[in-house]
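J.: Residues per chain, in single letters:
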Amino acid sequence: MTENTEKKNPIRLLIGKVGLDGHTRGVQYVAHIFRDAGYEVIYPGLRKSPKQIVKMAIEEDVKAIGLSFLSGAHIPLISEIMDLLKDKKAEDILVFCGGVIPDDDILILKKMGVREVFTPGTSDKIIIEKVTALFADSSDEEK
Amino acid sequence: MKKNKCIAELIEDIHSESVSRIRSAARLMTMAEESSLKTVEILSALVNDSMPRIILGITGAPGSGKSLLTGRLIAEFRKRYPKRMIGVIAVDPSSPFSGGAILGDRIRMMSEKDADNEKVFIRSLATHGQIGGVTKGTRAITAIMGALGCDVVLIETVGVGQMEFAVREVSDAVAIILAPGQGDTIQFLKAGLMEIGDIFVVNKSDRPDASPFFAQLTNTLHLARNEKRPVLMTSALIGKGIGEFYDSVEELLFRDILWLKARRLKQTDVIVRRAILSEAEKRLHSLLHEEKRKEVVSDILKGKTSFSQTVEDLLKNCV
Ligand SMILES: Nc1nc2c(ncn2[C@@H]2O[C@H](COP(=O)(O)OP(=O)(O)OP(=O)(O)O)[C@@H](O)[C@H]2O)c(=O)[nH]1
Ligand SMILES: [Mg+2]
Chain A
482 MTENTEKKNP IRLLIGKVGL DGHTRGVQYV AHIFRDAGYE VIYPGLRKSP
532 KQIVKMAIEE DVKAIGLSFL SGAHIPLISE IMDLLKDKKA EDILVFCGGV
582 IPDDDILILK KMGVREVFTP GTSDKIIIEK VTALFADSSD EEK
Chain B
67 MKKNKCIAEL IEDIHSESVS RIRSAARLMT MAEESSLKTV EILSALVNDS
117 MPRIILGITG APGSGKSLLT GRLIAEFRKR YPKRMIGVIA VDPSSPFSGG
167 AILGDRIRMM SEKDADNEKV FIRSLATHGQ IGGVTKGTRA ITAIMGALGC
217 DVVLIETVGV GQMEFAVREV SDAVAIILAP GQGDTIQFLK AGLMEIGDIF
267 VVNKSDRPDA SPFFAQLTNT LHLARNEKRP VLMTSALIGK GIGEFYDSVE
317 ELLFRDILWL KARRLKQTDV IVRRAILSEA EKRLHSLLHE EKRKEVVSDI
367 LKGKTSFSQT VEDLLKNCV
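Respectively, the protein sequence lines represent chains A and B. All residue numbers for the first sequence refer to this note's numbering, where the first residue is 482 and numbers rise by one. All residue numbers for the second sequence refer to this note's numbering, where the first residue is 67 and numbers rise by one.
It should be emphasised that the hints constitute simulated quantities derived from the structure, not laboratory data. Wrong hints could be hidden among the right ones.
[Said to hold, decoys possible] Only pairs whose alpha carbons sit at most 30 Å apart, straight line, appear in this in silico DSS-like list of lysine-lysine:
{"#": "1", "chain 1": "B", "residue 1": "Lys185", "chain 2": "A", "residue 2": "Lys532"}
{"#": "2", "chain 1": "A", "residue 1": "Lys570", "chain 2": "B", "residue 2": "Lys348"}
{"#": "3", "chain 1": "B", "residue 1": "Lys382", "chain 2": "A", "residue 2": "Lys567"}
{"#": "4", "chain 1": "A", "residue 1": "Lys489", "chain 2": "B", "residue 2": "Lys358"}
{"#": "5", "chain 1": "A", "residue 1": "Lys570", "chain 2": "B", "residue 2": "Lys185"}
{"#": "6", "chain 1": "B", "residue 1": "Lys360", "chain 2": "A", "residue 2": "Lys489"}
{"#": "7", "chain 1": "B", "residue 1": "Lys149", "chain 2": "A", "residue 2": "Lys569"}
{"#": "8", "chain 1": "A", "residue 1": "Lys567", "chain 2": "B", "residue 2": "Lys185"}
{"#": "9", "chain 1": "A", "residue 1": "Lys532", "chain 2": "B", "residue 2": "Lys149"}
{"#": "10", "chain 1": "B", "residue 1": "Lys145", "chain 2": "A", "residue 2": "Lys569"}
{"#": "11", "chain 1": "B", "residue 1": "Lys71", "chain 2": "A", "residue 2": "Lys532"}
{"#": "12", "chain 1": "B", "residue 1": "Lys71", "chain 2": "A", "residue 2": "Lys544"}
{"#": "13", "chain 1": "B", "residue 1": "Lys185", "chain 2": "B", "residue 2": "Lys145"}
{"#": "14", "chain 1": "B", "residue 1": "Lys145", "chain 2": "A", "residue 2": "Lys489"}
{"#": "15", "chain 1": "A", "residue 1": "Lys489", "chain 2": "B", "residue 2": "Lys149"}
{"#": "16", "chain 1": "A", "residue 1": "Lys489", "chain 2": "B", "residue 2": "Lys370"}
{"#": "17", "chain 1": "A", "residue 1": "Lys544", "chain 2": "B", "residue 2": "Lys185"}
{"#": "18", "chain 1": "B", "residue 1": "Lys358", "chain 2": "A", "residue 2": "Lys544"}
{"#": "19", "chain 1": "B", "residue 1": "Lys149", "chain 2": "A", "residue 2": "Lys570"}
{"#": "20", "chain 1": "A", "residue 1": "Lys591", "chain 2": "B", "residue 2": "Lys71"}
{"#": "21", "chain 1": "B", "residue 1": "Lys382", "chain 2": "A", "residue 2": "Lys489"}
{"#": "22", "chain 1": "B", "residue 1": "Lys104", "chain 2": "A", "residue 2": "Lys570"}
{"#": "23", "chain 1": "B", "residue 1": "Lys104", "chain 2": "A", "residue 2": "Lys544"}
{"#": "24", "chain 1": "B", "residue 1": "Lys104", "chain 2": "A", "residue 2": "Lys569"}
{"#": "25", "chain 1": "B", "residue 1": "Lys348", "chain 2": "A", "residue 2": "Lys567"}
Fair warning: this is a prediction, and the values are worked out from it, not measured in the lab.
Build the full structure now, drawing on both the sequences and the hints.
T.: Shown next, in the form of structure tokens:
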């Protein structure tokens, strides 16, 4: 890698968990697949509050927040995050999530503005492809 | 928020009372990392803003407790100056394979109490595979933190390769964090850490092997020429020695304000000069694109044109 090859800086994501469940394996795995796909992943650790997640996402200037859920509290937590993003004029930070989420809830989440919901069994490749496509979309809108 | 705000608009927002001022600062930091050109533009746009009062580099062996100790310094600062703001820049290496990175230092830096505190701003950076990558955007990011109102900025870099040298170029003083059980002081000398440190900290003082390590380190340093540099013991785990560490930083930096001013001027000078050269090189590089490069190289090797003639032609064509 030479210093002067013109390279765009990698896209930054925050990959984390909110709420109380403490399972790390899933979310760490996802952080790694994004790193291996060339993303810069902010990994904030477990059990963060929506307020903390949004603060970090803003300070780190991430393009998207990816959240993993096992606990079933995804709807109120995501809804709080969406509201906070709006308050801070940061609605353009995209949100996607993954976990054991029933179909009905997926619809509700999408209505709230969640861009993608990944259920267990989704392949790494699909996750990366779909998330990468989100950024292609959002840069089109600008033009 | 509008997507493509320019540097001036972002800075205006930072100076305002708007809800998006933190966001604008973070955006500007991303721009600072994009190119040397932008770094310099930002530095020059912020030239009348106050820089942070203290810029402390924190480096040392991997796992010696830099992040946890940084967290303790944040808490100490918050206790002493509840109304003031503190900024942290945490630099981690990018993966040489994908160019991606996982940046997780901030986990250890935030106590639950401070985790949603508006007076603490933490920014994680990846090195993007460059030696000295620490310096490219870091100075401008520090300046942005200053404009936001940060009184103190802490810069954590992992002490492998050459990063610990780069951190010197962007901080007022460097604290080297060491821990017992990570090899002896001979290794530490070899790693070149001794030259760059202004303060030495033996962390993990809660461990029984910390005292002998501390003695050995003090000895090693005192055998060398510069004996004035403080050597301290801390435990980031149980929160011991933190106040003393903080005091020694303040003391070191405010002994000689003129010296500090001169040091910062010189650093900025180097950063801008390097940015000019790097931009120039980039432009030359684009003149010498793939096809052209092959042709030029083969002409030189075959003796069709001379090396120095080629260089001169290239520079001429650049204007
Ligand atoms: N016993 C003891 N353990 C500590 C102390 N400080 C840090 N640790 C532990 O050392 C490990 C590394 O701590 P970090 O703060 O992540 O160290 P670091 O130097 O930032 O690590 P890198 O950024 O990965 O180089 C963690 O498991 C900490 O809990 C201390 O004062 N005493
Ligand atoms: Mg660390």
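J.: Does each hint hold? Answer for all of them.
T.: Now for the hints, and whether the structure bears them out:
A threshold of 30 Å between alpha carbons decides the hint, and for lysine 185 (chain B) with lysine 532 (chain A) the separation of about 14 Å falls inside it, so the pair holds. This hinted pair does not check out: lysine 570 (chain A) and lysine 348 (chain B) have alpha carbons roughly 36 Å apart, beyond 30 Å. For the suggested pair lysine 382 (chain B) and lysine 567 (chain A), the alpha carbons sit about 52 Å apart, so the restraint of at most 30 Å is broken. The suggested pairing of lysine 489 (chain A) with lysine 358 (chain B) holds, with an alpha-carbon distance near 24 Å, which does not exceed 30 Å.
The suggested pairing of lysine 570 (chain A) with lysine 185 (chain B) holds, with an alpha-carbon distance near 19 Å, which does not exceed 30 Å. As the CA atoms of lysine 360 (chain B) and lysine 489 (chain A) are separated by approximately 25 Å, the hinted pair is consistent with the 30 Å bound. With a C-alpha separation of about 22 Å, the suggested pairing of lysine 149 (chain B) with lysine 569 (chain A) holds against the 30 Å cut-off. A threshold of 30 Å between alpha carbons decides the hint, and for lysine 567 (chain A) with lysine 185 (chain B) the separation of about 21 Å falls inside it, so the pair holds.
A threshold of 30 Å between alpha carbons decides the hint, and for lysine 532 (chain A) with lysine 149 (chain B) the separation of about 21 Å falls inside it, so the pair holds. Simply put, lysine 145 (chain B) and lysine 569 (chain A) have alpha-carbon atoms about 27 Å apart, close enough for the 30 Å limit, and the pair holds. With a C-alpha separation of about 25 Å, the suggested pair lysine 71 (chain B) and lysine 532 (chain A) falls inside the 30 Å cut-off, and the hint holds. Only pairs whose Cα atoms come within 30 Å are accepted, and lysine 71 (chain B) paired with lysine 544 (chain A) is accepted, the gap being roughly 15 Å.
A C-alpha spacing of about 12 Å is found between lysine 185 (chain B) and lysine 145 (chain B), which places the hinted pair at or below 30 Å, so the restraint holds. Among the hinted pairs, lysine 145 (chain B) with lysine 489 (chain A) is inconsistent with the structure: their alpha-carbon atoms are about 40 Å apart, more than 30 Å. Taken as a hint, the lysine 489 (chain A) and lysine 149 (chain B) pair is broken in the structure, with Cα atoms around 38 Å apart against an allowance of 30 Å. Between the alpha carbons of lysine 489 (chain A) and lysine 370 (chain B) the distance comes to roughly 37 Å, so the proposed pair goes past 30 Å and is violated.
A distance of roughly 23 Å separates the Cα atoms of lysine 544 (chain A) and lysine 185 (chain B); the hinted pair therefore holds under the 30 Å criterion. Note on lysine 358 (chain B) and lysine 544 (chain A): the hinted pairing is violated, with a Cα-Cα distance of about 37 Å set against a maximum of 30 Å. Only pairs whose Cα atoms come within 30 Å are accepted, and lysine 149 (chain B) paired with lysine 570 (chain A) is accepted, the gap being roughly 25 Å. Of the pairs offered as hints, the one joining lysine 591 (chain A) and lysine 71 (chain B) holds, with about 28 Å between alpha carbons and a cut-off of 30 Å not exceeded.
This hinted pair checks out: lysine 382 (chain B) and lysine 489 (chain A) have alpha carbons roughly 28 Å apart, not beyond 30 Å. Between the alpha carbons of lysine 104 (chain B) and lysine 570 (chain A) the distance comes to roughly 24 Å, so the proposed pair stays at or under 30 Å and holds. Annotation: proposed proximity of lysine 104 (chain B) to lysine 544 (chain A) holds, straight-line Cα distance about 20 Å (limit 30 Å). A threshold of 30 Å between alpha carbons decides the hint, and for lysine 104 (chain B) with lysine 569 (chain A) the separation of about 25 Å falls inside it, so the pair holds.
For the suggested pair lysine 348 (chain B) and lysine 567 (chain A), the alpha carbons sit about 40 Å apart, so the restraint of at most 30 Å is broken.
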